[in-house]
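K.L.:
Mind assembling these two chains? They're in different frames, but the hints should get you there.
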Amino acid sequence: MIQKIKNFFNFGERLKISIENRNYANYYLVISFILFLATAWAVIDEIITRRPWKDYQIEYQQLLNEKLVAKYDEAISLVDSSYINGLQTDLSATKNILNSEEYQNIFDELNDLQAELIYATREWSFARSKSDAIYYEYNKSLIEGEVNKVAEKKLREIEKEIQNYADSITAVNLRIEEKNKSISEVQNKFTSLTAEIKRAYLEADKLKLKISKVRAQPIEIKQILLDDFERTNFGEVKARVDRCQTCHLGFNEQLMIDAPQPYTTHPLPELLKIHKLEKYGCTTCHRGQGNALTAGFAHGDEDHYWETPLLKKRDVYASCNSCHSNQNALKEAPYFTKAKQVLLEVGCYSCHQIDGYENMEKIGPSLLNVSSKVTPEWTYNWILNPKSYNEHTRMPNPKFTIEEAEAVTSFIINNSKNNSYKSAFPLGFYKGGSVEKGKITFSQVGCKACHVIGDDIKVREARGTQYDIAPELTHVAGKLSPDFIFDWIKNPRHYNPESKMPNLRLSDQEARDVVAYLQTMKENRNPEKHKFNLTDEDKIKFGEKLVKEYGCAGCHNIKGLENEAKVSVNLSNFGRKRVEQMDFGNTPELDKYGKVEFELREGKPYVQHTWEGWVYGKLYNSQLYKTERIPQKMPVFNLGDKEIRMLRMLLMSYRNDKPMEKYQQTYDQRIKDINIGQKLVSNYACISCHILEDAGGYFSSSLEDPAMGPPIITMTGAKVQEPWLNTFLQNPSPVRNWLKVRMPTYKLSENEINDLTKYFLALSKQQLRVRNYKLFEVDKASIVSGKKMFDMLQCLKCHIVGTAVADASSLGPNLELSYSRLKPEWIVDWLKDPQAISPGTMMPGYFPDGQSPLPDMFNGDAKKQMEVIRDHVFLLGKNK
Amino acid sequence: MINRSTKIIFALIFGINVYAGDVTGKVSFTGAAPKMPKLNMNADKSCKGMHTTRVSSEEVVINKNNTLKNVFIYVKEGAKPTAAPTVPVTLSQKGCQYVPHILGIQVGQPFIIKNDDPTLHNVHSLGKANVQFNVAQPIKGMKLNKKFDKPEVMVKFKCDVHSWMNAYVGVVNNSYFAVSKDDGSFTIKGLPAGSYTLEAWHEKFGTKQIKITVADKSVTANFNYAAK
Chain A
174 MIQKIKNFFN
184 FGERLKISIE
194 NRNYANYYLV
204 ISFILFLATA
214 WAVIDEIITR
224 RPWKDYQIEY
234 QQLLNEKLVA
244 KYDEAISLVD
254 SSYINGLQTD
264 LSATKNILNS
274 EEYQNIFDEL
284 NDLQAELIYA
294 TREWSFARSK
304 SDAIYYEYNK
314 SLIEGEVNKV
324 AEKKLREIEK
334 EIQNYADSIT
344 AVNLRIEEKN
354 KSISEVQNKF
364 TSLTAEIKRA
374 YLEADKLKLK
384 ISKVRAQPIE
394 IKQILLDDFE
404 RTNFGEVKAR
414 VDRCQTCHLG
424 FNEQLMIDAP
434 QPYTTHPLPE
444 LLKIHKLEKY
454 GCTTCHRGQG
464 NALTAGFAHG
474 DEDHYWETPL
484 LKKRDVYASC
494 NSCHSNQNAL
504 KEAPYFTKAK
514 QVLLEVGCYS
524 CHQIDGYENM
534 EKIGPSLLNV
544 SSKVTPEWTY
554 NWILNPKSYN
564 EHTRMPNPKF
574 TIEEAEAVTS
584 FIINNSKNNS
594 YKSAFPLGFY
604 KGGSVEKGKI
614 TFSQVGCKAC
624 HVIGDDIKVR
634 EARGTQYDIA
644 PELTHVAGKL
654 SPDFIFDWIK
664 NPRHYNPESK
674 MPNLRLSDQE
684 ARDVVAYLQT
694 MKENRNPEKH
704 KFNLTDEDKI
714 KFGEKLVKEY
724 GCAGCHNIKG
734 LENEAKVSVN
744 LSNFGRKRVE
754 QMDFGNTPEL
764 DKYGKVEFEL
774 REGKPYVQHT
784 WEGWVYGKLY
794 NSQLYKTERI
804 PQKMPVFNLG
814 DKEIRMLRML
824 LMSYRNDKPM
834 EKYQQTYDQR
844 IKDINIGQKL
854 VSNYACISCH
864 ILEDAGGYFS
874 SSLEDPAMGP
884 PIITMTGAKV
894 QEPWLNTFLQ
904 NPSPVRNWLK
914 VRMPTYKLSE
924 NEINDLTKYF
934 LALSKQQLRV
944 RNYKLFEVDK
954 ASIVSGKKMF
964 DMLQCLKCHI
974 VGTAVADASS
984 LGPNLELSYS
994 RLKPEWIVDW
1004 LKDPQAISPG
1014 TMMPGYFPDG
1024 QSPLPDMFNG
1034 DAKKQMEVIR
1044 DHVFLLGKNK
Chain B
14 MINRSTKIIF
24 ALIFGINVYA
34 GDVTGKVSFT
44 GAAPKMPKLN
54 MNADKSCKGM
64 HTTRVSSEEV
74 VINKNNTLKN
84 VFIYVKEGAK
94 PTAAPTVPVT
104 LSQKGCQYVP
114 HILGIQVGQP
124 FIIKNDDPTL
134 HNVHSLGKAN
144 VQFNVAQPIK
154 GMKLNKKFDK
164 PEVMVKFKCD
174 VHSWMNAYVG
184 VVNNSYFAVS
194 KDDGSFTIKG
204 LPAGSYTLEA
214 WHEKFGTKQI
224 KITVADKSVT
234 ANFNYAAK
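Read top to bottom, the protein sequences are chains A and B. In terms of our numbering, the first sequence opens at residue 174 and continues consecutively. In terms of our numbering, the second sequence opens at residue 14 and continues consecutively.
Next comes chain B alone, as it looks inside the complex (with noise of 0.2 Å):
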């Protein structure tokens, strides 16, 4: 019988991917939270309306327990592509605002950029190696269908009527990417064994790099932020 770790062994050295793991973290935030500003939505009084209190930019999210949201984690080396979902993304237009603020989705996988609010919108995609596109929705409830090309970290989405309004999309080849949450909690499932280096994207501070190694378990990788 050949132990367990021969395996592995011979797995890691032939490629073999026999074995996958769950990459899975926490983005940690150091220092003092930037206090984001009030977005001002006066321009547009039918999105002042559907607000009771006034809504804080997305830029930067830090959670309770002193996390990041919103943080895109992917793997920026060392992983093969895997086949485009055929399960669509959704990002729509609610309440004047791109939601999701951050979201992940694989080259060719269907998206749907739909507006929920009664006023118009026009999704601006402003994309460097996917071609860009412009296009209004003044009608509740319209959809638009689409699909990326060519991986790209971020592609960002904005509103040009509301000038307030961006979403940023990280298009990568395979399904191993994820979005921190409202914990800063993060999971990549299914990561066949191998090196990679991960890589966390974040709209204002920027991307962290580290490696890691899958085995046959999980594994952890963690991030952290300091305040600038």
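For reference, chain A alone in the conformation it holds in the complex (with noise of 0.2 Å):
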């Protein structure tokens, strides 16, 4: 073989031979033939390997066609055959009449009158012409006159000549008009006919228009080109193309719901309906590669070094960060709206720097008077573990030693030794109570919209998160004298004036009742005693220094840290930190491209070493990659898997890449205010127990009836006048009666009234102006009729106007009160649908599709109708 070889190419004798003589023809044929596979592997590869997409687009175009094909059959079989027949028969007739000899001789006869027109018009013509020449004899022979006798008999047979010429234009005109009608007859037959039979096709027709359209679409790549997109890492300005769709072929095509993948219609089609594909591409949102084109890369799956892999599942909502970063509520993005909640709640920003939570209130109560609220003892417990007092608590665990949280109580306890509480204290004296009236109050004023209590979880669910927004009292009597509770809460500013516990405006009885029934809920665990030396110099001292590290003062007001910056690192471009930057400590591996981020196995976290992995396990327990060499001080969290998801989510989408300006929401005024707004509403937690923005009303849950909870306040901007509102800020009075539950007083400052007053009107789009709600006028009779119709349509059944009482349920507000509550124009809004804008609403629609009940009143026209209602109900309360 080898010998074959080397005859072949002549080796060893060729060198004889000389240069000019030598045969290269072997040599040439063996390259040329390896370069003829190379060319042909090029092409196979090129076609076929490479362009999976190809095998995509052919199937989903056979799918596509399936399904439109059986649809089409559907939309046949729903063609009711027999009226289609009837009306074919019909047309093939009028089709037959069209095509007989008759109807053609008609056209004949036509043509034949139409002749006979023109002949008798033109002899009519000659005639009067005839007829002008001889009256001109006949009128000079007046004039000179002599009578022209034989010119005059003519002019009388001539004249008689045109009435006959025109007598058989008539006729004729009247025989072409009959003949006329006839073949629009038969052709108008032939056209409806035609047209009813389109008309019971059309659906199937536009299927099968769409059926020849999808067969005649080429295999090709489908691209879109994002102009001035981005920035590269050089600051120089960037397009991007999106090619996602050559294989997502049906994500616009709602037939194709159930198809598998790549060809799954979008899941979310009001999404894509504010986000034009045309305008924001696929990887704005989703990320991966844009112009790849097989999945592995696309993805990022294969290309695992591509800085923005493909975001999976809810983590897609990462990418709305992108251009709302300005935004703490989206419409359409439920899941953002909560995972930003989350972060308000958690306060991640009081270590960390994050762009966008800049000045925000502390999360943590104040510990300026902490020394006259609870015992050393009880503060040292609680440093050491505030989970084995209350597992829900937010209070993270920053995993002190015996010895550290000794220091640190030892602190905190003198540090707040002289305050002002201490001299005030107290409002008064818990003197007993009853602890069933106080139990029944406790549930029933609101106190469960923020506190849990027992076995009662429902608020905790309805929330929905591991941890809870304000402590649960389950244990209070272990931790809080009664006398301190009783003054806490008639008045919680006077031991904070900064809490953000509200004022439930209880009398001294009732509170009473409620610290008896507080007094219940004993201590669960048995600390031991642990005494130790407060004053101690160096304890006090070290306690400081463990105070300042852990940043304690981020989230507690603490007489002398009042000027600490924070303590932990700048998040604002998290997103982006490498992988490789990451210490996953001595924490055991798990399969890097696996699915499992994070496991615990026999109790032991295991963690994936990737981005998403690391963020886990750190979320999970911040301290899990803490080493001997490498300290952890960022306390360990009370995080569900749930909270830990969105969190994480956040956290991606933290990044410094963001699209250029004209792809970003703008920051305007109206968003400014529901901004402000959105922390204000967080920190004071209205949504504990109002609906607002479609999220909240947790409180509701624990009740039986929710119609009995608290109102939906979305719409507030559009329904109360914004002196109505200041005043009930400021202090609220009752407008609905028959709740059990209360509105509490906030003690809000006047620019947070305003603050929330512009919000209310931002979600309601409108604006802040001066406007005299005093002056509205309406006339007598529109009065009148409204009267007549607020007493036909029963409103004081359940509305009270003054009295104590109504007719019926006393369910509705007294509605004296519109006059300087609501906005006019508001009532007609409300009176159209009062569901659509309150779901659940014990008020019913009285005009369904915008139909009045009342015929008989102004015709039945409902929108004049709910006029003149509102006249009346709003100046019910004029003259009060």
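Since the hints were derived computationally from the structure, they do not count as laboratory data. Small disclaimer: the values here were computed from a predicted structure and weren't measured. Just to be clear, a hint being listed does not mean it is correct.
[Stated by the list, open to error] DSSO-like cross-link-like pairs, simulated, lysine-lysine; straight-line CA separation at most 27 Å:
1. K169/B with K913/A
2. K51/B with K913/A
3. K485/A with K913/A
4. K61/B with K960/A
5. K333/A with K354/A
6. K93/B with K240/A
[What the hints assert, rightly or not] Chain B residues, not near chain A, derived (Cβ > 10 Å throughout):
7. Y32
8. K58
9. F124
10. Q145
11. V174
12. S188
13. D229
C-beta: ideal position from N, C-alpha, C; glycine also.
P.N.:
Laid out in structure tokens, this is it:
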């Protein structure tokens, strides 16, 4: 064999031949053969191997074609065939008539008639000319005084002739009209029958057209070019190309809703409507490599060094922040909204710098007066392990050693020794109360909206987070003295002027009953009396050092530490941190490219060594990656799987490579107002009771009848007069007397009330403007008919006007309030469809689908009727 | 000649619904009948005036023969949807009560709610799968036309003007349902051959299920509820 090859190439011998005579033919043959193979391979690779999308397109077309054909068949089968047959019979009969000799004869006859008409018209005009000539003769003779009898006779004859021709013209015209009529009758029938058949097959025809379009669809790369989309790392403007829909062909095709990937319909068509593909592409939200044409590279499963791999599952909401970082709530993205709320509640910004979270309220309670509230022992145990007292607390565990906890306790207690509260304490004394009554008051007035007590965890479940936003009170008797609780309930701002706990305006007796009830909530632990020297100067110094290092002042107000900087890293670009920059300590590793990022095996955490795995582990246990050499000071939070995933999603979104400005949500005054308002609303936990922007209303879940819960307040801006809102927020007075739950008094500042007012107005797309609602005037007739309608519709069955009870239910607000409370135009909006504005409201709709129940008033004009009702209702309280 | 039982077996195996049967039964009640409170209609004078004696709540109605009235019985599993009839089902508001208190209807079947009282009522549906509505009927004789889009057992109706008024509507996607009558009996007609799970629903006593097989003749299915 080797010899043969040697012979073939003539090795050995060839050097003996002179260069001019050497033969290269065999070399060329082999090389050209190799070249041919390489070319063939390149072509095959280019056309088949590297273009799987072609197969996808072919398969998609087949799939869609099948579906369309099935739909077409269905559409055909839905057509009433007997009806169509009838039409077809009529049509062919009509066609027969159209083709019949008789029908054709009509045209011939028409032609003859036309000729006759032309002849008659011509003769008529000739006769007229003749008559003119003879008339001249005749008239001339008259002037000359000699009557031309012959001319006169001729004139009479010719006039008769004219009349004859005119008659025959009319007759012929009539006949022509007749013929035309019979022609158009047949033709009209033909057109209407054809149209009717076409109409019956309209749906089928549409599908047919679509089928032919699908079949004619070329196999090609489909791409979208986004101009000036982003900046490169070197600051240069760069476009982006997305070719995703080359394979994801059915994203906009509703028929593909149950098709397998990559053909499936986009699951959120309403999101696609506001983010048009032509403008935003796919990778803006989903990330991935837009110009790749194989799944592995496009999604980033194969190319692990692609910096922005596809966002999986709900992580895709991270992209909302690319353009909407200045918004807290997005109507179409409840997951994103909830995640931002979780971030506000967990308070990551207390230690970390995050863009958009500057100058936030501290989320923990003030410690200025804490030594007057709890004992040093309790404080020590709390600092050592907050969860042992309250499993659902938001206070993270700093994992102090006993020595450290002692030091921190000494510092905190000593630091608040001389406080303002001590001298003024208390507002009154407990003096005993009824446990039973206290329990009822506690459940009814609204304490449960924020505080969990005993077994009733309905509100916590409705909120859906592992942490509570206010302390659970199941063991509160072990923490606070009865006198303290009494003073606290009567006025929380007494102990802590900045407290978020509002005042529910309980009477002394009510407050004492609640205290009596809370006194039954005994301490669950048996904390050993831990005695230590609280006044050791070194210990206090050490404690202060720890408090500063661990950033306690990020969440708590601590005397002397008012101006501490944030203790931890800036997270504003954390989403771009590379896994190579992350330290996993000694945590065992999970399969790097598997689906599971974090797993507990026999209680021991295993972490995938990816960005996602690291963050999950860190949020699950902030000190997971701690080693002997690497300390971790981030305290351990109490987060469930849901919250961890939400926060991780937000961290993913913190990147400095945002799209260019033209893609960003403009940060106008309205969005600013909403943003400020949302932070206030979150701070004061309004949504614990109220449904606001489609979220919240958790308290109602503790009630048997949710209709007895606090009202929906999203529409406040459109509903109430600004001065009323101002007064109400300062000092709430009940509007819905039948509710047991109370709107508390918050002692909001004038600025906060203004911000809330602007927020509500912005939500209703209104602006703050000076307006005198008392100038509303109407004519008397309007009030009279308004009153009549008001009586006929029996509004007073539920509403009251001044009096204490209504005719039947008393479950409607006092309408005398309207004059000072409601915007007049609101009354009409409300009457139109109360359920649409406030789902579940007890107020029924009187005008379903715009139909009035009283057709006799104003000819049943619903709009006019609502207006006169408004006139009457609005002015009910005018002279009160 | 293939004998009858072979035919039935074939029918069962191939699901050919050649045969159909009626399901009849009774809902019996054991134990002491709970005493129902009298409705307090004092709040609305016009309601009070419509009755000479005070009316009891219809939450539990025990018939004279120790059977339970107002139990909604339907096929929970196994039945195929049937076309919705065009004959409407009517729910009246009469004497400040919903009449009947319990009723069944098919998805897509016309549903009329009318006010036979000379006082204001509001028809407030509290469906979970179906869209809720709340419409006022201030004039006697007013009618509201509705349809249900989805099966739901049961859709509660209340009247916010008169807190004691309520009714329950069982919405199913076939014609195989019934409400137990004054003697506790019920009949579900024309159920095709096959195996089914039958469920009984009662406002206070909850649900009970039994499995039945329909061949070519009527099947008996009895339910029993006990006092709580």
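K.L.:
Would you mind marking each hint as holding or not holding in the structure?
P.N.:
Verification of the hints:
1. The hinted pair formed by K169/B and K913/A meets the criterion: a straight-line CA distance of about 24 Å does not exceed 27 Å.
2. For the hint linking K51/B to K913/A, the alpha-carbon distance of about 26 Å falls within 27 Å, and the restraint holds.
3. Proximity of K485/A to K913/A is assessed by CA-CA distance (about 46 Å); at most 27 Å being required, the pair is judged violated.
4. This hinted pair checks out: K61/B and K960/A have alpha carbons roughly 26 Å apart, not beyond 27 Å.
5. Under the criterion of a C-alpha separation no larger than 27 Å, the hint pairing K333/A with K354/A is inconsistent with the structure, at around 32 Å.
6. Distance check on the hinted pair: K93/B and K240/A sit about 24 Å apart at the alpha-carbon level, within 27 Å; holds.
7. For Y32/B, the shortest C-beta to C-beta distance to chain A comes to about 28 Å, beyond the 10 Å cut-off, and the non-interface label holds.
8. With a cut of 10 Å on Cβ distances, K58/B falls inside the contact zone with chain A, its closest approach being about 8 Å.
9. The Cβ of F124/B lies farther than 10 Å from every Cβ of chain A, with a closest approach of about 14 Å, so its non-interface assignment holds.
10. Residue placement check: Q145/B does not keep its beta carbon more than 10 Å from all beta carbons of chain A (closest about 7 Å).
11. The beta carbon of V174/B sits about 5 Å from the closest Cβ of chain A, which is not more than 10 Å, so the claim that it is off the interface is violated.
12. No beta-carbon of chain A comes within 10 Å of the beta-carbon of S188/B; the shortest separation is about 23 Å.
13. Interface exclusion of D229/B from chain A stands, the closest Cβ pair being 32 Å apart, more than 10 Å.
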